[in-house]
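With these hints in hand, go ahead and build the complete structure from the sequences.
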Amino acid sequence: MSRTPAQKAARLSVAPMMDWTDRHCRFFHRQMSARSLLYTEMVTAPALVRGGALHLLEYSDAEHPVALQLGGSDPKELAEAAKIGADHGYDEINLNVGCPSDRVQSGCFGAVLMEQPALVAECVAAMIRAQPVEVTVKCRIGVDDQDASEVLPDFLQRISDAGVTRVSIHARKAWLKGLSPKENRDIPPLDYPLVHKMKDQFAGMHVSTNGGLATLDAAELQLDHLDGVMIGRAAYHQPWDILGDADRRLFGAQNPLGEPADAARAMLPYIEAHMSAGGRLHQVTRHMLGLFAGKPGARGWRRTLSEGAPKKGAGPELVLEALSCVETQVHAAQ
Numbered sequence: 004m005s006r007t008p009a010q011k012a013a014r015l016s017v018a019p020m021m022d023w024t025d026r027h028c029r030f031f032h033r034q035m036s037a038r039s040l041l042y043t044e045m046v047t048a049p050a051l052v053r054g055g056a057l058h059l060l061e062y063s064d065a066e067h068p069v070a071l072q073l074g075g076s077d078p079k080e081l082a083e084a085a086k087i088g089a090d091h092g093y094d095e096i097n098l099n100v101g102c103p104s105d106r107v108q109s110g111c112f113g114a115v116l117m118e119q120p121a122l123v124a125e126c127v128a129a130m131i132r133a134q135p136v137e138v139t140v141k142c143r144i145g146v147d148d149q150d151a152s153e154v155l156p157d158f159l160q161r162i163s164d165a166g167v168t169r170v171s172i173h174a175r176k177a178w179l180k181g182l183s184p185k186e187n188r189d190i191p192p193l194d195y196p197l198v199h200k201m202k203d204q205f206a207g208m209h210v211s212t213n214g215g216l217a218t219l220d221a222a223e224l225q226l227d228h229l230d231g232v233m234i235g236r237a238a239y240h241q242p243w244d245i246l247g248d249a250d251r252r253l254f255g256a257q258n259p260l261g262e263p264a265d266a267a268r269a270m271l272p273y274i275e276a277h278m279s280a281g282g283r284l285h286q287v288t289r290h291m292l293g294l295f296a297g298k299p300g301a302r303g304w305r306r307t308l309s310e311g312a313p314k315k316g317a318g319p320e321l322v323l324e325a326l327s328c329v330e331t332q333v334h335a336a337q
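Here this note's numbering is used: the first residue of the sequence shown is 4, the next is one more, and so on.
Hints may contain errors.
As the list claims (entries may be wrong) - Computed cross-link-like contacts, EDC-like style, restricted to lysine to aspartate or glutamate with a CA-CA straight-line distance of at most 16 Å:
1) 180 / 118
2) 298 / 265
3) 79 / 125
4) 11 / 265
Since the hints were made in silico from the structure, they are not lab data.
Here's what the structure looks like:
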C-alpha cells in the first residue's frame, strides 16, 4: 500500500507547540524543509464545533503536508472536529494525549487522558469513522505514579485496536501534580529505551519519539530504532540547524535552500502579502528570531526584528535591515 504524504513526512516532524506553531511559523519552516511534517498548535474540539472558530484552521497550501492537532475528550465532538479538519484539507488529524497544562487538565484532555485509555480508544475510533483522513495520537509514556512499562503498552494496544497506526510518544512522564508545564518539558527523565521497546512490540505501528531531541545527530540516532522523530523547541529556536539540512540527511533529498539568509529572503513575498491583507510584521518575524542562532550577526538580527517589528509602519524592509547586520558580521569575519 502506498504511503500518504503525511506518512512519508513523519520521518521528521515539527511538534505542535501552543503560541508558536501558527500558520506563519509553519510557512517559515516549510521554506527550509520541503519534506518534514508540520503541525498546527492544538485546537480544541469545542472551539471548532461549538465556537465556530474556523479561523484557527487557516493555512497556506505551501504548508502541506500539514497536520491538525485536536484537543478534547468527547468522542462525538472530536468526530465532528475531525470532519471539519478533513474538510479543510488537512493531511492528518492528531489527538493530543500529551499536553500537561492546567488549562488542558481542567478540560479533561491532553496528558490526563493517559489515565483513561478506553475513552481515548473510543475517541479515536469515532474520529476515524467520521472522515477519511488518517487519525494519529501524540501521547506521553504515562502520568504521575503510573508504571509506564505497564500503562504504555496497554494504551498503545487499545488505540491500535481502535484503528490508529501512527503514534508520537513524548519519552517522558507528565507529572500533573507538582510540576508546571514548563517543568514537565525538562524534569521528568527521558526513557527512549521504553519507546524503542514499544516499536519492537508494535512492529506494524509507525512509532515516533519526541522530547529532548536538539540536533539532527540525535534525531538520526533515534531513527536507528524508530520510524520517526518529532522535534519541538530546537526546531523553533534554532530552525536552520534542524530544518536547513533535514531533507538531505533524513530524506535523501535536495535541501530547498543553501543558507539561512535564503530563508529570510524567501519570507519577503509572504510578509508583503500578509501586510497587504492587514497583518502586522511582528506576527511573522517573531517566529524568525532564531534563524541565525549561534552564527555571526545573530544578536543584531534578533535585536533589529524584536525591537522594530512591533512598531507601527514596520515592513519587509526591516527584515533586510536585520539581514544586513548578519552580512556585515560575516564580511568582517572573512
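Status of the hints after comparison with the structure:
1. At roughly 13 Å between alpha-carbon atoms, residue 180 and residue 118 fall within 16 Å of each other, so this suggested pair holds.
2. A threshold of 16 Å between alpha carbons decides the hint, and for residue 298 with residue 265 the separation of about 15 Å falls inside it, so the pair holds.
3. Our distance criterion of 16 Å between C-alpha atoms is met by residue 79 and residue 125, whose separation comes to about 10 Å.
4. Restraint check for residue 11 and residue 265: not satisfied, since their Cα atoms lie roughly 26 Å apart, outside the 16 Å limit.
When held up to the earlier numbered hints, the structure conflicts with hint 4 and nothing else.
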